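Protein chains: 2
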Amino acid sequence: MTPQSPFPIDHIGIAVADLSEAIAHYTSVFGQGPDHLETLETQGVSVAFFTTPTASIELLAPFGDLSPMAKFLAHKGPGLHHIAYLVPQEQYLLEIKRLTDLGLQPLTPAPTLGAKGKQVQFFHPKSHLGVLMELCSYA
Amino acid sequence: MTPQSPFPIDHIGIAVADLSEAIAHYTSVFGQGPDHLETLETQGVSVAFFTTPTASIELLAPFGDLSPMAKFLAHKGPGLHHIAYLVPQEQYLLEIKRLTDLGLQPLTPAPTLGAKGKQVQFFHPKSHLGVLMELCSYA
Numbered sequence: 246m247t248p249q250s251p252f253p254i255d256h257i258g259i260a261v262a263d264l265s266e267a268i269a270h271y272t273s274v275f276g277q278g279p280d281h282l283e284t285l286e287t288q289g290v291s292v293a294f295f296t297t298p299t300a301s302i303e304l305l306a307p308f309g310d311l312s313p314m315a316k317f318l319a320h321k322g323p324g325l326h327h328i329a330y331l332v333p334q335e336q337y338l339l340e341i342k343r344l345t346d347l348g349l350q351p352l353t354p355a356p357t358l359g360a361k362g363k364q365v366q367f368f369h370p371k372s373h374l375g376v377l378m379e380l381c382s383y384a
Numbered sequence: 246m247t248p249q250s251p252f253p254i255d256h257i258g259i260a261v262a263d264l265s266e267a268i269a270h271y272t273s274v275f276g277q278g279p280d281h282l283e284t285l286e287t288q289g290v291s292v293a294f295f296t297t298p299t300a301s302i303e304l305l306a307p308f309g310d311l312s313p314m315a316k317f318l319a320h321k322g323p324g325l326h327h328i329a330y331l332v333p334q335e336q337y338l339l340e341i342k343r344l345t346d347l348g349l350q351p352l353t354p355a356p357t358l359g360a361k362g363k364q365v366q367f368f369h370p371k372s373h374l375g376v377l378m379e380l381c382s383y384a
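Line by line, the protein sequences give chains C and H.
When we follow the working numbering, the leftmost residue of the first sequence carries the number 246, and every step to the right adds one.
When we follow the working numbering, the leftmost residue of the second sequence carries the number 246, and every step to the right adds one.
No wet-lab data here; the hints were simulated from the structure.
Remember, it's a predicted structure, so these values are computed and weren't measured experimentally.
Do not take every clue at face value.
Computed Cβ-Cβ distance ranges for the label pairs, DEER-style [unchecked claim]: (1) C/310 <-> H/319: 30 to 40 Å; (2) H/253 <-> C/383: 13 to 23 Å; (3) H/296 <-> C/339: 20 to 30 Å.
C-beta: ideal position from N, C-alpha, C; glycine also.
Please model the entire structure based on the sequences and the hints provided.
The structure is reproduced here in structure tokens:
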């Protein structure tokens, strides 16, 4: 089976320093609040999702002292962080392999647990023209 | 009339140094080529759009010596550049005013001509938590 790329953009990740302040800002901009809040201790982030009729916005703030998000904010400041594509479960590992074979570098040896109970696999921005890419899938 | 926010994410803009190289890369990643190519002399960019089932990807490369995109690349390198929301024409100026009233800073006094013949209005990242936002609309 060949993965049916291109897959839909599921969400755009945005790094923020203060999640409460960012939620207030986006609630004003969108005219409605977030539809999902979660803290991912293993990823070192607290997140808030805002729905639009197409892709969603995921705000990510550092959680804990060793958060990679804290490092990102210290180096680059708040702003655009990653793009996530949603892949059907039956094509998920095939698509990860296909992209890896193309030269994209997975950040972890296997998918990890992300927000909303999804599997997530990140690929290094240096292997994707400066863009951190996520492939996510509902288990 | 109150604008019916949130509006759909139309596309995500990505700054690239070499458009041909980037088109080849994304064509491999997506398994299909771009559906639209255009040079916007007034904006100083050449662009390529790739469709996904939700939002699109817009690759932007500098065009001309005074391109703001060349300045962006020199300062930040290639990567995520902006998020564009699509607003129906009858709500477009109202939504620009609503966001301006919220404190978002328009980059130009009025919308300008963007890709695909659309009107585009950018808002300064400093007024939107580090994210360059575009509102676009079909005239």
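* Starting from the range 20 to 30 Å, see whether the pair residue 296 of chain H and residue 339 of chain C falls in it by beta-carbon distance. => With a Cβ separation near 21 Å, residue 296 of chain H and residue 339 of chain C satisfy 20 to 30 Å, so the hint holds.
Do residue 253 of chain H and residue 383 of chain C keep their Cβ atoms within the hinted range of 13 to 23 Å?
22 Å, holds
- With 30 to 40 Å as the target window, see if residue 310 of chain C and residue 319 of chain H comply at their CB atoms. 34 Å, holds
Going down the numbered hints, you'll see the structure goes against none, and every one checks out.
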